[in-house]
Structures are given as C-alpha cells and as structure tokens.
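Engineer: Sequence:
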Amino acid sequence: MKLLTLNTHSLTEPDCEAKTKIFLQAVLEERPDVMALQEVNQTAGGEDVSTVELLASGYMECPNTMPRVGRDNHAFRTAVWLAEHDFPCFWSWVPAKLGYDKYDEGTAIFTRRPILEVSQFYLTRSRDYKNWKTRKTLAVRTEAGWFFSLHMGWWKDEEEPFLRQWETLSEVTAPLRQEGDVWLMGDFNSPAETRGEGYDQIAASGWEDAFLSAEEKGGEITVPGAIDGWRNAGELSGMRMDFIWHRGSEGERTWRVSRAGTVFDGENRPAVSDHFGVMAEYERRE
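Each residue of the sequence shown is one higher than the last, beginning at 1 in full-length UniProt numbering.
Misleading hints may appear alongside valid ones.
Unchecked claim - DMTMM-like, lysine to aspartate or glutamate: derived pairs with alpha carbons at most 20 Å apart: (1) Lys-102 with Asp-128; (2) Lys-21 with Glu-61; (3) Lys-2 with Glu-158; (4) Lys-156 with Asp-181; (5) Lys-217 with Asp-72; (6) Lys-217 with Glu-193; (7) Lys-21 with Glu-208; (8) Lys-19 with Asp-274; (9) Lys-156 with Asp-200; (10) Lys-2 with Glu-143; (11) Lys-19 with Glu-117; (12) Lys-21 with Glu-117; (13) Lys-2 with Glu-47; (14) Lys-19 with Glu-53; (15) Lys-2 with Glu-208; (16) Lys-133 with Glu-117; (17) Lys-102 with Asp-181; (18) Lys-2 with Glu-220; (19) Lys-102 with Glu-215; (20) Lys-130 with Glu-179; (21) Lys-102 with Glu-143.
As the list claims (entries may be wrong) - Label-pair ranges, simulated between beta-carbon atoms: (22) Glu-286 with Glu-53: 19 to 25 Å; (23) Asp-48 with Gly-196: 30 to 36 Å; (24) Gly-196 with Arg-127: 16 to 22 Å; (25) Leu-212 with Leu-116: 26 to 32 Å; (26) Val-52 with Glu-17: 22 to 28 Å; (27) Ala-204 with Val-52: 36 to 42 Å.
If you're looking for bench data, these hints aren't it; they were derived computationally from the structure.
Predicted model only: the values in this text are computed from it and were never measured.
Cβ coordinates follow ideal geometry from the N, Cα and C atoms, glycine included.
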C-alpha cells in the first residue's frame, strides 16, 4: 500500500497551473493508494460544482461541509483529471478557514478503495472561519483502516497550541484504534529535529514514524527553508515536519514500511509547493 501526503499550497503557489500538471502526472505514474493533501483551496464565493458532477468525480461528501465544492477547487480538478486519465479515485474535502482573505482553505483525501465512512473534526477551540488559526481534520475509513489529513498549528502558539490540538486528536483516534489501523498524514508544523515538542509528543504516544521505520529511506527534509508561519524562527537550513504516522489496534505492528522518503523535492521529481511531499510504501507483516 502506497501512501502520499503533500501540503499543496495549491492556488496560492506561484506557477500553480504548471506545478499542478507536474503533480498530476507524477500521481498517475506513482499510483498511490491513499493521498492526503493540505492547503487545498478554492476561490471563496466562486461557482459551485453540481451534485451530479461531484458524484461522477468520485466525491464522498463529509457531513456539514460548508461552503460547497467550487469549480476551481484543487481537489475537484485533481479528481476529474485523474479520472480522465484512467486513474479514478474516491475523494473528500473539507474547508477549515478563509485563507489569505480570498480562499476557502481545507484538506482532502483520495483513495483507490471505496470510502466507507467520512468525518471531520475541529482540532482548535476556534470555530471562526475567518480566523487563520482555525484547524480542522478530515478522516476517511476504507477497508484498510482510518486515514487522517492534518494541518496542525505550532507548539508555542499561545491561542491554539499544538499540544491542545494533539490532545483533541488523540481523543478522536483512541476509539478508532480499538477497531483497527489508523494513519495520520500531513503537515504537523512540528520539526522532527526539535526536542521536547510536537514530534516527541507524538512518538511518545506510541505512533510509528514511517520514515524512521522504513527499511529503505529516501529524502528526509520536507521544508527547505523559511515559509509562512516560520519566518520569525531565525536561520533555517531545512526541517522535517510533514509525516506519515501509523498505529495499529492496541499498538500492534500489523504493517512494515518497506520504503519512505520525500517526493516533489527537486531530486525525486520537481518541487511543486513550499513543502516537499512524503511517500511511504507499506506491506502487511506475515
């Protein structure tokens, strides 16, 4: 099973159209089983996609999703293009906040297998759509387990600290882990290089970092320098803050990671965002 996560930056990314084509062609060639995408945007107040078109694209609506999927929604366009190129997927998207005062910004998940259940959860206390710190996660269940697409806040944020968001996420995932496997995929805004903060909190909670567990490793750094949210952090030579975490029922190691590393990093395919993607290949243990 091949998993891919990427903070796409989508409509806010310079040369968005050209980079989207690179991304789509790579997906077609790599053929991931599950993709978790963050910063998946659409123009606020734009034209809605009809229900008929959405269903035809493989869309699975998450309850209470507002605003609706727009015509220029990055996930919708991705789904349509992949279907037109013989790689149809099931997918869902939820908006979390208004980004840059003009985009409905959210997260998306694509799967090759049918989506059996879809949910969304606030990670922050804030529910204000116009508050840029509002965070929400999208989760889908397939026959393999639960998959979360996450874009979390910062450890030292005084209003919406990472630790409180993690505690909320832990409460949500605890009953799901009793049922089977759970994967957390996305931009955690918690560099693996920083001790005593978000990364260590997740690892200490029993989650398995795909990159560290991989039998074969590729690129490691997922953010090469200063980006929005980190421009006041001083000189940055690169950070690993995008992850794929797994935890089985009662801590069981039901899967092994044969390979993990970065993609869209300038070496393993051209960069398409201010983040590099992370890809991991899982195989069931005998």
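Engineer: Now look at each hint and say whether the structure bears it out.
Structural biologist: Each hint tested on the structure:
A hinted pair counts as satisfied when its Cα atoms are at most 20 Å apart, and Lys-102 with Asp-128 qualifies at roughly 15 Å. With a C-alpha separation of about 25 Å, the suggested pairing of Lys-21 with Glu-61 is violated against the 20 Å cut-off. Simply put, Lys-2 and Glu-158 have alpha-carbon atoms about 37 Å apart, too far for the 20 Å limit, and the pair is violated. Distance check on the hinted pair: Lys-156 and Asp-181 sit about 30 Å apart at the alpha-carbon level, beyond 20 Å; violated.
A distance of roughly 36 Å separates the Cα atoms of Lys-217 and Asp-72; the hinted pair therefore is violated under the 20 Å criterion. Restraint check for Lys-217 and Glu-193: satisfied, since their Cα atoms lie roughly 17 Å apart, inside the 20 Å limit. As the CA atoms of Lys-21 and Glu-208 are separated by approximately 32 Å, the hinted pair breaks the 20 Å bound. Taking the CA atoms of Lys-19 and Asp-274, the gap is near 11 Å; set against the 20 Å cutoff, the hint holds.
Under the criterion of a C-alpha separation no larger than 20 Å, the hint pairing Lys-156 with Asp-200 is consistent with the structure, at around 14 Å. A threshold of 20 Å between alpha carbons decides the hint, and for Lys-2 with Glu-143 the separation of about 15 Å falls inside it, so the pair holds. Note on Lys-19 and Glu-117: the hinted pairing is violated, with a Cα-Cα distance of about 31 Å set against a maximum of 20 Å. Taking the CA atoms of Lys-21 and Glu-117, the gap is about 30 Å. The hint is violated against a cut of 20 Å.
Distance hint between Lys-2 and Glu-47 is unfulfilled; the C-alpha atoms sit about 34 Å from each other, more than 20 Å. A threshold of 20 Å between alpha carbons decides the hint, and for Lys-19 with Glu-53 the separation of about 25 Å lies outside it, so the pair is violated. Annotation: proposed proximity of Lys-2 to Glu-208 holds, straight-line Cα distance about 16 Å (limit 20 Å). Straight-line distance between C-alpha atoms of Lys-133 and Glu-117 comes to about 27 Å, which puts the hinted pair past the 20 Å bound.
Taking the CA atoms of Lys-102 and Asp-181, the gap is near 37 Å; set against the 20 Å cutoff, the hint is violated. Distance restraint check for Lys-2 and Glu-220: the Cα-Cα separation of roughly 17 Å lies within the 20 Å cut-off, and the hinted pair is therefore satisfied. Among the hinted pairs, Lys-102 with Glu-215 is inconsistent with the structure: their alpha-carbon atoms are about 43 Å apart, more than 20 Å. This hinted pair does not check out: Lys-130 and Glu-179 have alpha carbons roughly 36 Å apart, beyond 20 Å.
In summary, the hint linking Lys-102 to Glu-143 is not supported, as the alpha carbons are separated by about 37 Å, beyond the 20 Å threshold. Between Glu-286 and Glu-53 the beta carbons are some 44 Å apart, a value that contradicts the proposed interval 19 to 25 Å. Judged by the Cβ atoms, the range 30 to 36 Å given for Asp-48 and Gly-196 is violated: they are separated by roughly 46 Å. The given range of 16 to 22 Å is broken by Gly-196 and Arg-127, whose C-beta atoms sit roughly 30 Å from each other.
Checking the proposed 26 to 32 Å range against Leu-212 and Leu-116 shows it holds: the Cβ atoms sit about 30 Å from each other. Taking 22 to 28 Å as the suggested C-beta distance range, the pair Val-52 and Glu-17 conforms, at roughly 26 Å. Judged by the Cβ atoms, the range 36 to 42 Å given for Ala-204 and Val-52 is violated: they are separated by roughly 48 Å.
In summary, the numbered hints that this structure violates are 2, 3, 4, 5, 7, 11, 12, 13, 14, 16, 17, 19, 20, 21, 22, 23, 24, 27.
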